Amino acid sequence: MNKLLLISTCIILTITSFAQKIKIISANDSVPFIQLNEVTVKGLIKNQDQQIKDFIIANKAATTEDILARFPEINMIRRGSYGTEPLIRTYNTGQVNVLIDGMRIHGACTDKMDPATIYVEPQNLQNIQVNTKHGTQSGSCIGGTIDLKLVEPDSETTNQLSGYISSGYQTAAKSFYETGMLNYTKKRWSIRTNISYRKASDYKSGGGITIPYSSYEKINYGISAKYLLNNQYSIKADILMDDGWNIGYPALPMDVGYAAARIAAISLIKEKSNTKWFGTEYKIYANSIYHLMDDTHRKNVAMHMDMPGHSKTFGGYMNTNLQLSSKQNIHFRADISSTDLMASMTMYQNNQSPMFMLTWPDNRSIQSGLSATYKNYIDSITTITLSTRIDQFINSLKTQAAKDQLSILQEPTETISKTLKNISVELSHYINPHLKGFVVASYAERMPTASELYGFYLFNAFDNFDYIGNTLLKKENALKADLGVVYTKPKLQLSFSVFASKVNNYILGIYDPTYSTMTIGAQGVKLYRNIPYAQMTGLEAGIISKLTNNVQLISTFKYNYGRDHYNNPLPLIAPFKNITSLKKQIKNWSFQFETETAAAQNRVSVDAKENTTNGFFIANTRSSYSGILYKKAYRIDVGVENIFDKAYKEHLDWGNINRPGRNIYIQISFAF
Amino acid sequence: MKRNLILSAFAVAFSIFLLTSCSKDTTTIPDPTIGYLKLASGYAAGSATKVEIFATDSAFTGYNKFYIALTDSITGAFIENAQITLTPTMTMPMMSHSAPKENPSSTNAVDKLFPCSVSFIMASMSGTWTLAVNVQNLVNNKTGTVTFTINVKDPSLAKMFSFVSLADNTTKFFVGFIPPTKPIVGINDFEFVVYKKQTMMMFPADSSLNVSFIPTMPTMGHSSPNNVNPVYIGNGHYKGKVNFTMTGLWRMSMTFNAGTTLSDSTHYFDFNF
Ligand SMILES: [Cu+2]
Ligand SMILES: [Cu+2]
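Chains as they are written, first to last, in the numbering used here: chain C, 131 to 802; chain Y, 3 to 275.
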């Protein structure tokens with residue numbers, strides 16, 4: 131499936147993302163991937179991949195997470211209308227590497243309200259790369275890598291000053307989405323700045339029921355500047371900022387009062403090269419996230435609490451490629467980063483001191499890694515890719531207070547040092563001119579997360595348990611296999627891929643009845659433990675078919691399955707789902723009819739107190755008109771999502787809270 | 003030239019400063035009572051000794067740690083060698099009684115002070131507490147006694163309770179909490195003293211009880227893991243470990259057993275930090 135859908139498979143895409151000037155090495159691997167920026171900026175120009183982009187970015191007001199949710203490899207955990215958490219296949223957050231433009235970034239919320247993807251708007255993005263085959267290239271992980279590539283200022287535009295503005299409204303949450311971009315280029319300089327503002331009220335789910343605490347407000351703004359140093363090198367600076375207020379999480383007992391992310395990076399890029407080394411990029415970066423949870427808007431709160439969290443990361447990396455021969459090349463990456471996390475909770479009651487504790491005792495994780503990916507185009511039909519990575523992690527508690535607190539658990543509080551090794555091998559081969567097959571075998575390791583190591587009574591609203599970390603956790607390791615075929619005919623493309631993995635030392639919360647809960651109303655305490663193993667499998671399939679000259683069908687299928695060593699179902703495994711879109715183009719108009727179908731999930735984890743979820747079927751229509759006004763392009767998008775106003779939820783939605791009901795949207799965009 | 007002069011003047015000033023600050027260190031005696039509160043002072047008649055009682059807090063119902071400073075009544079020099087005996091007495095309209103106490107364990111002072119304790123078993127409401135301090139000054143070999151009136155108040159959170167053992171329905175125990183001096187969110191010492199009421203005037207230390215406890219936060223209803231039950235460590239003291247998972251008000255609910263027979267399980271200590 132990922133062959134079809136724009137998803138980065140390996141080195142090729144990484145190279146293309148460096149600079150458009152570098153040619154894709156082999157036509158065989160020219161997998162289309164999403165150029166988000168093109169859709170918004172140059173959305174009026176239709177190209178071959180436009181259909182796939184329109185499928186992925188169905189609603190022009192989509193958030194980054196809405197876009198991710200359309201990828202067949204990605205499942206989203208939903209706790210509110212914003213801040214959904216991307217998972218790859220059956221792999222949880224700790225097993226997946228989420229990067230922003232190659233940078234590591236760690237959310238500042240102990241309750242996972244803020245995956246890194248919440249701090250990036252589609253406006254900021256050049257493309258999204260989901261790498262499931264060689265995901266360990268940019269960081270040791272079990273499940274794969276999602277890299278949100280930031281858009282660069284456009285230096286090739288004919289206008290010195292260009293940009294767009296877009297404004298829209300959606301009825302389900304009475305929400306506004308306003309966004310604008312300005313690009314300026316002169317001589318060696320090019321500068322791009324953008325801003326997006328979103329404000330949503332509590333949304334109405336199917337049947338007109340308002341979901342309380344689902345509103346949010348946020349603003350995202352950034353600037354990036356690029357300067358051509360000489361005909362080889364350019365330097366680029368990116369600043370990205372995101373502020374959110376009163377972001378509601380109906381499935382959690384708390385909301386976000388205020389959250390702020392500050393992301394900055396400076397890169398040195400070697401654009402052109404006449405040596406064997408090419409696509410070289412150096413980057414140093416820093417990001418800081420502040421997250422303040424809030425329950426003052428909630429009714430019947432037993433005890434109000436403040437829960438601030440901080441996350442700070444510094445890092446740098448180097449990417450480069452070496453052309454060994456016309457058929458062989460190696461991609462190298464070296465990276466280092468340091469992440470500081472700290473979160474606390476304070477509750478207030480009369481006649482006693484404020485009740486304070488560290489939920490993430492101040493801790494630091496220093497990571498350094500090296501990866502090399504060798505690619506050999508043996509002949510016109512066979513390619514071998516070998517990717518290896520080694521990572522060193524040093525995790526430590528930063529303060530005596532942090533150590534004092536964790537010593538209660540009678541676990542070591544000394545520095546944890548772990549070396550992680552990863553390797554993956556891919557063989558891809560054209561069985562006949564229309565049928566390409568690939569097979570990937572890999573071994574991957576991952577570091578336990580800060581919550582898994584150091585978490586102190588972190589409440590998990592999903593199973594209603596408090597979770598306690600364990601500094602004795604072993605690293606997880608996985609043996610994985612991927613198998614796939616892509617069948618391509620001029621008007622039809624079929625793809626099918628299947629994966630299977632065995633994750634040893636799988637980290638899971640295990641109930642310990644001797645512990646008493648910290649959170650009022652929680653059912654018990656779970657301690658993170660390595661269980662012997664868990665097994666996962668699943669498949670993705672896709673159809674892209676040109677039915678007539680202007681009618682196109684896209685349909686994606688996915689299915690996932692997971693079980694532990696007792697053969698019990700793993701929690702949070704998405705059931706079968708299909709999205710089908712039929713699109714007709716008539717001159718400047720496009721019409722799209724879309725269905726989303728999910729099977730029920732009855733394989734649920736009893737230990738996680740997971741509920742079964744019913745299947746659902748919803749239908750959407752979308753249409754757009756693109757026109758020219760005074761030589762400037764404009765575009766109007768209008769659509770109805772969940773036409774039949776069905777009350778439905780997906781299996782990974784927490785708290786039995788239904789998704790939005792009928793939603794009519796309009797978005798008007800104007801480019802200059 | 004001018005610059006040289008200034009430099010050398012500066013160098014001289016600096017070396018004087020160094021010298022004086024060094025010599026200061028050797029001659030100045032740091033006051034050992036800094037940080038303590040003076041509860042009482044008086045002269046032990048006949049011993050030429052001034053007696054001062056210091057504590058971290060004003061006297062309360064419960065285990066009071068006292069630090070006695072003895073000075074020569076003429077020179078004011080600290081006397082670091084003495085035998086001190088405490089006699090607390092409560093005088094009530096109809097009767098009088100004593101209280102448990104710990105005389106200084108040694109005739110040698112610790113950092114110029116004599117640590118000791120008195121466990122006042124009730125407040126000064128219905129009677130008057132006095133503390134007689136008998137000093138046998140081993141420097142001048144004179145002996146004398148001074149008697150102080152001590153105002154004992156009930157603390158806002160009780161630090162002492164008593165119970166009659168269910169095991170024999172006769173023995174009365176007094177249990178005094180010794181709160182951790184520097185409480186942390188983490189592992190803390192949990193210490194208390196147990197005295198048995200033998201007569202109105204005799205409260206010997208007791209080592210006979212098996213103790214277990216559960217710490218909870220009464221306003222939240224949770225406990226904490228991995229606490230260590232106190233065991234007898236001598237002189238009526240029992241010591242274990244209490245784990246505070248957060249700051250705030252904690253309640254240590256106590257269970258005392260005489261052997262395996264339940265003695266009492268209805269009392270607790272509250273601790274707020
Ligand atoms: Cu949060
Ligand atoms: Cu508490």
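Any given hint could turn out to be false.
Which stretches of chain Y does chain C cover? Using the computed rule of at least three CB atoms under 8 Å from a CB of chain C, they are [what the hints assert, rightly or not]: (1) 37 to 49; (2) 179 to 190; (3) 221 to 235.
With a straight-line cut-off of 20 Å between C-alpha atoms, the simulated PhoX-like cross-links for lysine-lysine are [said to hold, decoys possible]: (4) Y/LYS184 / Y/LYS103; (5) C/LYS533 / Y/LYS52; (6) C/LYS533 / Y/LYS40; (7) C/LYS676 / C/LYS714; (8) C/LYS533 / C/LYS621; (9) Y/LYS144 / Y/LYS67.
What the hints contain is simulated information worked out from the structure, not anything from laboratory work.
Here the structure is a predicted model, which means the values were calculated and not measured.
Cβ coordinates follow ideal geometry from the N, Cα and C atoms, glycine included.
- Which numbered conditions among the earlier hints are violated in the structure presented, ordered from lowest to highest? 1, 4, 5, 6, 8 and 9
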